[in-house]
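**Q** Read off the chains here:
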Amino acid sequence: MVKYDVVVVGAGNAGLIAALETAKAGKKTLLIEQHNLPGGCATSFSRGRFEFDPSLHELCGVGTAENPGNVRLLLDSLGVNVEWCTVPDCFRVITKYSDGGAMDVTMPSGVQPFIDKMEEYVPGSRSSMEDFFELLTEIDEGIAFLSSGEEASNKELFTRFGNVLRVGSHNCKDVFNALGIPQRAQDILSTYWSYLGVDMTHLGFLHYACMVHGYIKDGAAMPAHTSHAISVAATERLRELGGDIWFNCRATEFVFNGDKCCGVKTTMGDIECDMVLANINPDIIYGKMVPKEIIPEREKKLSAARNKNYGARMFTVHMGLNKTAEQLGIKDYSIFLPGTSVSEQEYKNVLAGEKTNEYGIFLCYNVVKPDYSPEGTCECSITTFMAAEDWNDVAPAEYAAKKTAMAKKLIAVLKRKAGIDIAPYIEEIAISSPLTFARYLNAPEGSVYGYETTDWDGLMARMMSVGKDYPIKGLKPIGTSGPRGDGYSSAYYCGQMIAQMALKEMEQGGNN
Amino acid sequence: MALKVKVGKIGLVDALKFKNLPATRDKVIEAAPAKEITADFPINNNAKKLHPDCQKMVITKIRDHGKAEAKTFFLKRADGEKAAYFRAGQYLSIALNIKGSEITRPYSISCSPSFTAEGMYTITVKKNQGGFAADYILKNWKEGTEVTVSEPLGSFFYEPLRDAKNVVALAGGSGITPFLSMAYAIRDGIEDFCLTVLFGSRTKDSILLGKELANVAAAANGRVKIVNVLSEEEADGFEHGFITADLIKKYAPDGEYSVFICGPEAMYRFLVPEIAKLGLEAKYVRRELLGVTKDVSGCEGYPPKTKTKKFALTVRQGENIYETTAKASEPLLVAIERAGIAAPSRCRSGECGWCRSKLVSGEVFTPAENEGRRYADKQNGYIHPCCAFPVSDIVIEVPGTYMK
Ligand SMILES: Cc1cc2nc3c(=O)[nH]c(=O)nc-3n(C[C@H](O)[C@H](O)[C@H](O)COP(=O)(O)OP(=O)(O)OC[C@H]3O[C@@H](n4cnc5c(N)ncnc54)[C@H](O)[C@@H]3O)c2cc1C
Ligand code: FES
Numbered sequence: 001m002v003k004y005d006v007v008v009v010g011a012g013n014a015g016l017i018a019a020l021e022t023a024k025a026g027k028k029t030l031l032i033e034q035h036n037l038p039g040g041c042a043t044s045f046s047r048g049r050f051e052f053d054p055s056l057h058e059l060c061g062v063g064t065a066e067n068p069g070n071v072r073l074l075l076d077s078l079g080v081n082v083e084w085c086t087v088p089d090c091f092r093v094i095t096k097y098s099d100g101g102a103m104d105v106t107m108p109s110g111v112q113p114f115i116d117k118m119e120e121y122v123p124g125s126r127s128s129m130e131d132f133f134e135l136l137t138e139i140d141e142g143i144a145f146l147s148s149g150e151e152a153s154n155k156e157l158f159t160r161f162g163n164v165l166r167v168g169s170h171n172c173k174d175v176f177n178a179l180g181i182p183q184r185a186q187d188i189l190s191t192y193w194s195y196l197g198v199d200m201t202h203l204g205f206l207h208y209a210c211m212v213h214g215y216i217k218d219g220a221a222m223p224a225h226t227s228h229a230i231s232v233a234a235t236e237r238l239r240e241l242g243g244d245i246w247f248n249c250r251a252t253e254f255v256f257n258g259d260k261c262c263g264v265k266t267t268m269g270d271i272e273c274d275m276v277l278a279n280i281n282p283d284i285i286y287g288k289m290v291p292k293e294i295i296p297e298r299e300k301k302l303s304a305a306r307n308k309n310y311g312a313r314m315f316t317v318h319m320g321l322n323k324t325a326e327q328l329g330i331k332d333y334s335i336f337l338p339g340t341s342v343s344e345q346e347y348k349n350v351l352a353g354e355k356t357n358e359y360g361i362f363l364c365y366n367v368v369k370p371d372y373s374p375e376g377t378c379e380c381s382i383t384t385f386m387a388a389e390d391w392n393d394v395a396p397a398e399y400a401a402k403k404t405a406m407a408k409k410l411i412a413v414l415k416r417k418a419g420i421d422i423a424p425y426i427e428e429i430a431i432s433s434p435l436t437f438a439r440y441l442n443a444p445e446g447s448v449y450g451y452e453t454t455d456w457d458g459l460m461a462r463m464m465s466v467g468k469d470y471p472i473k474g475l476k477p478i479g480t481s482g483p484r485g486d487g488y489s490s491a492y493y494c495g496q497m498i499a500q501m502a503l504k505e506m507e508q509g510g511n512n
Numbered sequence: 001m002a003l004k005v006k007v008g009k010i011g012l013v014d015a016l017k018f019k020n021l022p023a024t025r026d027k028v029i030e031a032a033p034a035k036e037i038t039a040d041f042p043i044n045n046n047a048k049k050l051h052p053d054c055q056k057m058v059i060t061k062i063r064d065h066g067k068a069e070a071k072t073f074f075l076k077r078a079d080g081e082k083a084a085y086f087r088a089g090q091y092l093s094i095a096l097n098i099k100g101s102e103i104t105r106p107y108s109i110s111c112s113p114s115f116t117a118e119g120m121y122t123i124t125v126k127k128n129q130g131g132f133a134a135d136y137i138l139k140n141w142k143e144g145t146e147v148t149v150s151e152p153l154g155s156f157f158y159e160p161l162r163d164a165k166n167v168v169a170l171a172g173g174s175g176i177t178p179f180l181s182m183a184y185a186i187r188d189g190i191e192d193f194c195l196t197v198l199f200g201s202r203t204k205d206s207i208l209l210g211k212e213l214a215n216v217a218a219a220a221n222g223r224v225k226i227v228n229v230l231s232e233e234e235a236d237g238f239e240h241g242f243i244t245a246d247l248i249k250k251y252a253p254d255g256e257y258s259v260f261i262c263g264p265e266a267m268y269r270f271l272v273p274e275i276a277k278l279g280l281e282a283k284y285v286r287r288e289l290l291g292v293t294k295d296v297s298g299c300e301g302y303p304p305k306t307k308t309k310k311f312a313l314t315v316r317q318g319e320n321i322y323e324t325t326a327k328a329s330e331p332l333l334v335a336i337e338r339a340g341i342a343a344p345s346r347c348r349s350g351e352c353g354w355c356r357s358k359l360v361s362g363e364v365f366t367p368a369e370n371e372g373r374r375y376a377d378k379q380n381g382y383i384h385p386c387c388a389f390p391v392s393d394i395v396i397e398v399p400g401t402y403m404k
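Which chain is which? The protein sequence lines are A and B, in order.
For the record, in the first sequence the residue sitting at position 419 is 419 according to the working numbering, with numbers rising by one throughout.
For the record, in the second sequence the residue sitting at position 244 is 244 according to the working numbering, with numbers rising by one throughout.
Same shape as in the complex, but just chain A:
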């Protein structure tokens, strides 16, 4: 039988980084992926003369070569080279303020420009916004300290990171209020909620802070040649480090010796190993891939407590247009088009189904990189969120028409709200629904956010429970269901962190 030290199942963002980490540590590593491409969400597909990115809107924490953010540092440390483009603005958002007034604001990157612009839109917001960013900086430092493993007395912690400790258990809305941020500025700040898939009253402030600071301070970035370029850079580096990769290889079962996982059964044969890192949702691992008797009580309870709350599902229309962004009057990279800026209401409307859902995020990639698509064209997408129920019992014969109708609606929303008419210029179009994601990722219900990072199961609570969740020997789930939640950067961090834990465990276990 083939034998490896580590088998990483699934070449998603978390799997790629985890495999690099173990290979770098000298472990004989095999990465298997059920698809014929790496990346999971982080991939691309071609239609005609266009190459589309199925998931990435923007990545925070990249920064510049001179002033690198955490994501760049992480990729650099593993030797993964990617060509990045900087996203010019944070976002434009067209919706209604919570007081019913019309909102159409464009927020720039950079802390000072962001504060200045906010003051322009919401006079009197300046001092609270300055406090807001000061707090974000302290949170960055605090979290870096807490995850560094350095020891500190409670008192020391309290003097250095008092604000972090005091806001740490609270949701965004409460902290906004405590900072005295005017309501309209709060409305604008809540624009990012959908990137985390949790509304502002259920989203932990620290979680929000980590992401938003990354976007505003370092500016967001996009790979110059779709997410596939990141994933391929990772696989090629893995080969350099001596790792092997099997594509179109599906893990079907994990093999146990007593209570320790010791191998993987796959569609390309059985593999023996000391450690499995599985880029798979734990409900699928426990529900389908391991013997029932090895599942600990607490894991069953954890799953039951989460109650299959996989968060929002995605629906995206990808379009290659036969006019340039300029010709179509498109100036912004990202335009958020929610029905309301009240995130709790908006999230409810989304989950209540297609009738009430009018959420949309419009992107035009050529604004970031003018030659992203061939000359004379541009590439755009519109994304919305869906409830699982919307797609549960769609009959195969109705599926295409349902996708088309939803896409049509989103294109109309763009025209109505932003005055951008793209319908006559569609040269290529591809529509991905939750079924599409279920097909390619095999994630539960086609979700891409793992479990909702809400209330009791928020980012901080998960981070502080690392080691308690998923205690099975030799088998560790990685990915968005893990401690860091969803998003590319989170999946990277998770992959690295869990791989490092695995390496430690292997050392202690005397396996080498």
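Hint data in this document are derived by calculation from the structure and do not stem from the laboratory.
Glycine is no exception: its CB is placed at the ideal position from the N, C-alpha and C atoms.
Be careful, since some hints might not be right.
What the hints assert, rightly or not - Below 27 Å or equal to it, Euclidean Cα-Cα: the simulated DSS-like pairs (lysine-lysine) are:
id: 1; chain 1: B; residue 1: Lys27; chain 2: A; residue 2: Lys265
id: 2; chain 1: A; residue 1: Lys173; chain 2: B; residue 2: Lys27
id: 3; chain 1: A; residue 1: Lys402; chain 2: B; residue 2: Lys49
id: 4; chain 1: B; residue 1: Lys49; chain 2: A; residue 2: Lys288
id: 5; chain 1: B; residue 1: Lys27; chain 2: A; residue 2: Lys292
id: 6; chain 1: B; residue 1: Lys48; chain 2: B; residue 2: Lys76
id: 7; chain 1: A; residue 1: Lys260; chain 2: A; residue 2: Lys409
id: 8; chain 1: A; residue 1: Lys473; chain 2: B; residue 2: Lys27
id: 9; chain 1: A; residue 1: Lys3; chain 2: B; residue 2: Lys404
id: 10; chain 1: B; residue 1: Lys99; chain 2: B; residue 2: Lys126
id: 11; chain 1: B; residue 1: Lys378; chain 2: A; residue 2: Lys24
id: 12; chain 1: B; residue 1: Lys126; chain 2: A; residue 2: Lys308
id: 13; chain 1: B; residue 1: Lys35; chain 2: A; residue 2: Lys260
Stated by the list, open to error - In silico contact screen, one side only, chain A against chain B (beta carbon under 7 Å); selected entries:
id: 14; residue: Ala25
id: 15; residue: Lys28
id: 16; residue: Leu135
id: 17; residue: Arg166
id: 18; residue: His225
id: 19; residue: Phe247
id: 20; residue: Cys249
id: 21; residue: Thr252
id: 22; residue: Glu253
id: 23; residue: Ile284
id: 24; residue: Tyr286
id: 25; residue: Asn392
id: 26; residue: Leu435
id: 27; residue: Ala461
id: 28; residue: Gly467
Stated by the list, open to error - Sample of chain B residues with no beta-carbon within 10 Å of chain A, all distances over it, derived:
id: 29; residue: Ala78
id: 30; residue: Ala134
id: 31; residue: Asp205
id: 32; residue: Lys211
id: 33; residue: Thr293
id: 34; residue: Gly301
Following the hints, complete the assembly by docking chain B with the ligands onto the known chain A.
**A** Just chain B with the ligands now, with coordinates in the frame of chain A:
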């Protein structure tokens, strides 16, 4: 420290709450029942039904098209389930084992999508179509023969958000099959557009599926029109010659229309300059897969004095390593298949990327018209073996396949 943020009344209580986040979480977990974990999701099940890894089919009926030198095969799911639904115009990749070669061939589905409810598809195979495989199928497939097919594939279908409401189809030979399926879909109310088919055949007698086309046109409420164009015979009620820009203009409706093309390589090459004369926007011209040229040495940029050579080929697939040889005149995929290795492939035209493989060492030539690789793949030595011709010794790593 200037900034002091307080959310609750007492800062220390808040700090304690923070410290207790994991304990609070534990309480919620502890309070939940230790239920058995299940992983059965309607959306995932639906996705599997629409996109099965492969489908085992049995041939239940064969229709011989006589002088048109073709047969239509009726395939039915062996497990009694519905066949995966398709968009009229899509194709199936069919797995075949011929004399030790593990090959696939794409065939357009020629029936209405409504057939899937009965677990059925039809494909129509014309003589000499792929040479090797077509002849094998025509000779060997009998009622009861078991066949493994893929899920329905390809993007050659009517897309209401992109295409004009009127479609002028240009077909030659077996290229009529996707249009017959579209015509049925229109008749059955599954697709909503108007289809005018200009169909090139040699003689009246050799029109493939002529009767079926006439019948469906008669039953489609005027939304399907068939114009037969005969190259070797003049007859009343038929156009004579080749499909040209003038002929397209003669039958094209007023206003916007899309042109869909499906036919043999020679016809496609003839049509390219004709279509250019129509001055249509690129989005209104769509063609089905091209396949790969039979004479790669005629391609621009092909290295001289290479085409008769033979190279050593090493194929890695999972833990297996195979040593074989590859002719310069054939795509690598063919050499792999000849060696009896089941490697993934679908479109065999360079477009779908399903055969994507890592070129570990060596050099290949890919004809420009088959260049369908992703940007990063081109940069990093990934190739589509279905249209990559070896020009040196090769070591390649191929993915597994689910067509078993
Ligand atoms: C439309 C859309 C927009 C998004 N926008 C953004 C954005 O702008 N910014 C951002 O940061 N994030 C965004 N996200 C979210 C982000 O893409 C995901 O959260 C992240 O990529 C998930 O990574 P992962 O490693 O957890 O999982 P996945 O990407 O799901 O990867 C898991 C991998 O494992 C493979 N696999 C599963 N089971 C098996 C098995 N049994 N055997 C072998 N292989 C298996 C799968 O095929 C897959 O490749 C977006 C997502 C979508 C869909
Ligand atoms: S089989 Fe489609 S690209 Fe090779």
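**Q** All hints are to be evaluated individually against the structure, with a verdict given for each.
**A** Now for the hints, and whether the structure bears them out:
| no. | hint | in the structure |
| --- | --- | --- |
| 1 | B:Lys27 <-> A:Lys265 | violated, 36 Å |
| 2 | A:Lys173 <-> B:Lys27 | holds, 24 Å |
| 3 | A:Lys402 <-> B:Lys49 | holds, 17 Å |
| 4 | B:Lys49 <-> A:Lys288 | holds, 18 Å |
| 5 | B:Lys27 <-> A:Lys292 | holds, 24 Å |
| 6 | B:Lys48 <-> B:Lys76 | holds, 18 Å |
| 7 | A:Lys260 <-> A:Lys409 | violated, 51 Å |
| 8 | A:Lys473 <-> B:Lys27 | holds, 24 Å |
| 9 | A:Lys3 <-> B:Lys404 | holds, 25 Å |
| 10 | B:Lys99 <-> B:Lys126 | holds, 21 Å |
| 11 | B:Lys378 <-> A:Lys24 | holds, 26 Å |
| 12 | B:Lys126 <-> A:Lys308 | violated, 51 Å |
| 13 | B:Lys35 <-> A:Lys260 | holds, 22 Å |
| 14 | Ala25 | violated, 23 Å |
| 15 | Lys28 | violated, 13 Å |
| 16 | Leu135 | holds, 6 Å |
| 17 | Arg166 | holds, 4 Å |
| 18 | His225 | holds, 4 Å |
| 19 | Phe247 | holds, 4 Å |
| 20 | Cys249 | holds, 5 Å |
| 21 | Thr252 | violated, 12 Å |
| 22 | Glu253 | violated, 13 Å |
| 23 | Ile284 | holds, 5 Å |
| 24 | Tyr286 | holds, 4 Å |
| 25 | Asn392 | holds, 4 Å |
| 26 | Leu435 | holds, 5 Å |
| 27 | Ala461 | holds, 4 Å |
| 28 | Gly467 | violated, 10 Å |
| 29 | Ala78 | holds, 19 Å |
| 30 | Ala134 | holds, 27 Å |
| 31 | Asp205 | holds, 37 Å |
| 32 | Lys211 | holds, 27 Å |
| 33 | Thr293 | holds, 20 Å |
| 34 | Gly301 | holds, 20 Å |
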